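Protein chains in written order, with the working numbering: chain A, 11 to 148; chain B, 11 to 148.
Worth flagging that the hints you see were computed from the coordinates, not collected in a lab.
It should be emphasised that the depicted structure is a prediction, and the values quoted were computed from it without experimental measurement.
Watch out, some of these pointers could steer you wrong.
[What the hints assert, rightly or not] Chain A side only, calculated, beta carbon under 10 Å to chain B, not exhaustive:
| no. | residue |
| --- | --- |
| 1 | PRO54 |
| 2 | GLY62 |
| 3 | TYR71 |
| 4 | GLU95 |
| 5 | SER99 |
| 6 | ALA106 |
| 7 | TYR108 |
| 8 | VAL109 |
| 9 | ASP112 |
| 10 | ARG143 |
[Stated by the list, open to error] Listed next, the stretches of chain A that the computed footprint assigns to chain B, with coverage defined by at least 3 CB atoms under 8 Å from CB atoms of chain B:
| no. | segment |
| --- | --- |
| 11 | 24-36 |
| 12 | 40-47 |
| 13 | 82-89 |
| 14 | 119-132 |
From the three backbone atoms N, C-alpha and C, an ideal C-beta is built for every residue, glycine too.
Number of protein chains: 2
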Amino acid sequence: VDELSDLFLGRLVELDETECIELLQSRRVGRAAYCDDQGPVVLPVNHQVVDGAVVFRIPPYSEMAAHLNDRPASYQVDDFDEFRESGWSVLVRGTATYVDPDHLPIQEQRPAPWPRGQRTLNIRITPTTITGRRLLPG
Amino acid sequence: VDELSDLFLGRLVELDETECIELLQSRRVGRAAYCDDQGPVVLPVNHQVVDGAVVFRIPPYSEMAAHLNDRPASYQVDDFDEFRESGWSVLVRGTATYVDPDHLPIQEQRPAPWPRGQRTLNIRITPTTITGRRLLPG
Numbered sequence: 011v012d013e014l015s016d017l018f019l020g021r022l023v024e025l026d027e028t029e030c031i032e033l034l035q036s037r038r039v040g041r042a043a044y045c046d047d048q049g050p051v052v053l054p055v056n057h058q059v060v061d062g063a064v065v066f067r068i069p070p071y072s073e074m075a076a077h078l079n080d081r082p083a084s085y086q087v088d089d090f091d092e093f094r095e096s097g098w099s100v101l102v103r104g105t106a107t108y109v110d111p112d113h114l115p116i117q118e119q120r121p122a123p124w125p126r127g128q129r130t131l132n133i134r135i136t137p138t139t140i141t142g143r144r145l146l147p148g
Numbered sequence: 011v012d013e014l015s016d017l018f019l020g021r022l023v024e025l026d027e028t029e030c031i032e033l034l035q036s037r038r039v040g041r042a043a044y045c046d047d048q049g050p051v052v053l054p055v056n057h058q059v060v061d062g063a064v065v066f067r068i069p070p071y072s073e074m075a076a077h078l079n080d081r082p083a084s085y086q087v088d089d090f091d092e093f094r095e096s097g098w099s100v101l102v103r104g105t106a107t108y109v110d111p112d113h114l115p116i117q118e119q120r121p122a123p124w125p126r127g128q129r130t131l132n133i134r135i136t137p138t139t140i141t142g143r144r145l146l147p148g
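Construct all of the structure, not just a fragment, from the sequences and the given hints.
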């Protein structure tokens, strides 16, 4: 790496948890991740943030559903500006569990998937860590 | 789910591998994923597509580097239109290996990370599967 030209590149700074949760709430789409015996799987869903946890809805008879039943899982959101070569990302790590929709009494707190189909299974990822980084423009 | 209102939602269609690779090549940022003993980790990087594999550069003394040495890994790219509630996503699953930069002879094929710092380690994810979906507007 040329050390002089490196200075024209952006600088990564850590985000605190409050900023991470605000950024998470600012997005309507993120990526749920789980591990199967072939490694990580990362798939976009529409989320809500409810009581500090991430909630989303998926089809009950799916690979994802089978792997999000009291298992480690992550949720990732980000946004980038290709012109300024900058952006941010947030990663929630924790445990995924099934949620009874009766535990999501407020309509606005219920996830609203964009795709049609029987996405009747509510999943909650309860965070153990929430970390994030912002890439400041160079 | 109200079956009538469900029809106003978007429809998911599978993408073929050629489309997936074109979409992967169309983006400058994606998300590398690996599994540690706490579950999946998903972090954005800047990629290149070289001979059908995904290549990116990371700091050599990092958690990510420790987990991408001949281990299962994934790479994910997507794009969404919040207004039309539509978009697409592509997931490359495979094995991550370290690459000698001499094996990336063409300058345009070398990944160019946006953040400054010693990102001297080239990682290649050689695909075992490449899958993708497009969410058509409702």
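Checklist entry - Are at least 3 residues of the segment 119-132 of chain A within less than 8 Å of chain B when you compare beta carbons? => result holds (count 8)
Item to check | Residue hint GLU95/A, partner chain B, criterion CB-CB below 10 Å | outcome: With a minimum Cβ separation of about 4 Å from chain B (threshold 10 Å), the hint on GLU95/A holds.
Next on the checklist: A closest beta-carbon separation below 10 Å is what the hint needs, so does TYR108/A meet it against chain B?
Outcome noted: Violated - the Cβ of TYR108/A stays beyond 10 Å from chain B, reaching only about 17 Å at its closest.
Next on the checklist: Quick check on VAL109/A please, does its C-beta sit within 10 Å of some C-beta on chain B?
Outcome noted: For VAL109/A, the interface hint is violated, since the closest Cβ of chain B sits about 16 Å away, which is over 10 Å.
Next on the checklist: Holds or violated: the hint that SER99/A contacts chain B, with Cβ atoms closer than 10 Å.
Outcome noted: 5 Å, holds
Next on the checklist: Quick check: do three or more residues in the segment 24-36 of chain A have a beta carbon closer than 8 Å to a beta carbon of chain B?
Outcome noted: This one is violated; 0 residues, fewer than the three required, reach chain B with a Cβ under 8 Å.
Next on the checklist: TYR71/A was flagged as interface toward chain B. Is the shortest Cβ-Cβ separation under 10 Å?
Outcome noted: Hint on TYR71/A: violated, closest Cβ of chain B at ~15 Å, above 10 Å.
Next on the checklist: Just to be careful: measuring from the Cβ of GLY62/A to every Cβ in chain B, is the smallest value less than 10 Å?
Outcome noted: Interface hint status for GLY62/A: violated (18 Å vs cutoff 10 Å).
Next on the checklist: Would the hint on ARG143/A be counted as holding, given a Cβ-Cβ threshold of 10 Å to chain B?
Outcome noted: 9 Å, holds
Item to check | Per-residue hint verdict: ALA106/A, partner chain B, C-beta under 10 Å | outcome: 9 Å, holds
Checklist entry - With a cut-off of 8 Å between beta carbons, are at least three residues of the segment 40-47 of chain A near chain B? => result holds (count 4)
Checklist entry - Taking 10 Å as the limit, does the beta-carbon of PRO54/A come near enough to a beta-carbon in chain B? => result 5 Å, holds
Checked against the numbered hints given earlier, this structure breaks hints 2, 3, 7, 8, 9, 11; the rest are met.
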